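A.B. asks: Required output: the full structure, derived from the provided sequences and hints.
Protein sequences, first through last, are from chains A and B.
14 is the number of the first residue of the first sequence in the numbering used here; add one for each residue after it.
8 is the number of the first residue of the second sequence in the numbering used here; add one for each residue after it.
What the hints contain is simulated information worked out from the structure, not anything from laboratory work.
Among these hints, one or two may not hold up.
The calculated lysine to aspartate or glutamate pairs, modelled on EDC-like cross-linking and capped at a C-alpha distance of 16 Å, are [to be verified]:
id, chain 1, residue 1, chain 2, residue 2
1, B, K47, A, D187
2, A, K67, A, E32
3, B, K47, A, D206
4, A, K230, A, D206
5, A, K244, A, E32
6, A, K244, A, D28
Per the computed footprint, the stretches of chain A lying under chain B, defined by three or more beta-carbons under 8 Å from a beta-carbon of chain B, are [what the hints assert, rightly or not]:
id, stretch
7, 99-109
8, 128-136
Cβ-Cβ distance ranges computed for the label pairs, FRET-style [said to hold, decoys possible]:
id, chain 1, residue 1, chain 2, residue 2, range
9, A, S142, B, F279, 27 to 33 Å
10, B, N57, A, G86, 41 to 47 Å
11, A, E252, B, L201, 54 to 60 Å
12, A, N147, B, A24, 31 to 37 Å
Owing to the predicted nature of the structure, the values given are computational and were not obtained by experimental measurement.
Every residue, glycine too, gets a C-beta built ideally from N, C-alpha and C.
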Amino acid sequence: MAAPTERPPVVIVDDVHVEYKVLATGKRASADEMHGGLLQRRNARRTRSVHALKGVSFTARENDSIGIIGSNGSGKSTLMRAIVGLTPVTQGAIYASSRPSLLGVGAALLRELSGERNIVLGCLAMGLSMDEINDRFDDIVDFAGLREFIELPMRTYSSGMTARLKFAIATARDHEILIVDEALAVGDRSFRDRSEARIREIRDNAGTVFLVSHSMKSIRDTCNRVVWINKGTLMMDGEPDEVIKAYEATT
Amino acid sequence: MTLADDAAQHGLTRVGARPSLPAYLAEVWQRRQFVYSLAKFRLESENQRNRLGMGWVVLRPLINAAVYGVIFGILLAGSRPPQFVEFLIIGVFLFEYFSASFNQGARSITSSQSLLQSLSFPRLALPLSSVIQRLLQFVPMVAIMIILVVMLGTAPRLEWLLLIPLAALLTIFNAGLAMITARLTVHFRDLSQLLPFVTRLIFYTTGIFFSFEERFSEHTTVLRIMDFQPVHEFLTLGRSIMLQGPGYDVPTEYWLYASVWSLAILVIGVVFFWQAEERYGRTD
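C.D. replies: As structure tokens, then:
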């Protein structure tokens, strides 16, 4: 184990099971489809249950930066969503010292509003005051590297730009727990370097970071510990080099 | 030592467990700037998309009033209340605020999934913000309403200041209702399909283009029931503040009823919404 026991635990995952009801078409039942949900449910009533996590346990401590690896569909994202509370656990429990923030790929915060206003609203939502936002605004814009697009509505951004802005907003505040779910993969090279530096910074400020990634280089560069998940079970938890070696041996 | 004991010993709390109600409300209060800015930005972007921009805020209810005025003015030619045009304008404008809050409030959670999933903040901010957005739209509407009523020949009176407490009560009522419907729509997504019909039902049972008091003057039971229909109370109060003459006396007890309604709905709304706090944004 990489973590010496004297550091206080920040996240405890205790024998977590997650089961999904999945439509026979392969789509997750109900969930995020805001449009056409009604139709889909009517057309495809047959559901099947999928055991996405089968009893995962581990403890994340202060200053930990944990890489989560595993093949597609192994349950990495499900575990991350469960840690934030977006996916209910079927069995077991997850304890955390504060509510974690989850940075995933995907939609803009508020599509219709400009990047500028998304920054202001995102920071206000996280509990920053107007003064603090004014102080940090330029840093956020520069970090995202979106100076010339900041007045355009976020719906016009590419997925890379969206991810960059979201990451810049979410890391504007000191986080106790930050979860980055492949959000860096869509960014370009220089942004990836900047964001990895930012992750190390958070870790150094007594934060705890979870990084889901398929880039073993990113994981080696930022993490002090790696958890390997396969088919919903925890295969290995330990030093990055050791775990990555074992993981790569199977693929 | 089990992991659960370890968690308890280090003061970790179970993910998804909601804070106590007072702590929750304190968090919401801390986010008041967020609630207001979200409302303001959304209203502006909504208006930017139309060529006439803010003009629609005024035009929409005016066109509504004109349509109802022409159609029902002719249909109900015999039983039109006195000062029919003013009666209609006040009714339509106030109802517009109610129905816009009602509809947007109900969708406030289901339409913000991305925001909910990325950032953690007290979710109550969203239905609140929807209502504030509609309130920001309502204020210029009230100004237009006053100008129209003056142009139609009613002299301004000091009593019109009572519109302020009325708007406050209506806002409290709208906010409470938005919290209730926002949560219900999360549990029953299909509800959003039904909302237009609910709005219409309230529209027809509120007495916007006809006077319940005249139409049902012989049916005391109907009138008694209408005494307790909150939206009808707000409209009647609004008309009695603005207009004078037969049929527009201030029904003092309506202030009491409307206050009780508003506060009760707000309290129920807050508790009801808070109880499912961990549920919003979830994908299950």
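A.B. asks: Evaluate each hint against the coordinates.
C.D. replies: A quick look at each hint next to the structure:
no. : hint                           : verdict
1   : B:K47 with A:D187              : 27 Å, violated
2   : A:K67 with A:E32               : 9 Å, holds
3   : B:K47 with A:D206              : 36 Å, violated
4   : A:K230 with A:D206             : 11 Å, holds
5   : A:K244 with A:E32              : 12 Å, holds
6   : A:K244 with A:D28              : 15 Å, holds
7   : 99-109                         : holds (count 7)
8   : 128-136                        : holds (count 4)
9   : A:S142 with B:F279: 27 to 33 Å : 30 Å, holds
10  : B:N57 with A:G86: 41 to 47 Å   : 44 Å, holds
11  : A:E252 with B:L201: 54 to 60 Å : 56 Å, holds
12  : A:N147 with B:A24: 31 to 37 Å  : 34 Å, holds
The earlier numbered hints that this structure contradicts are 1 and 3.
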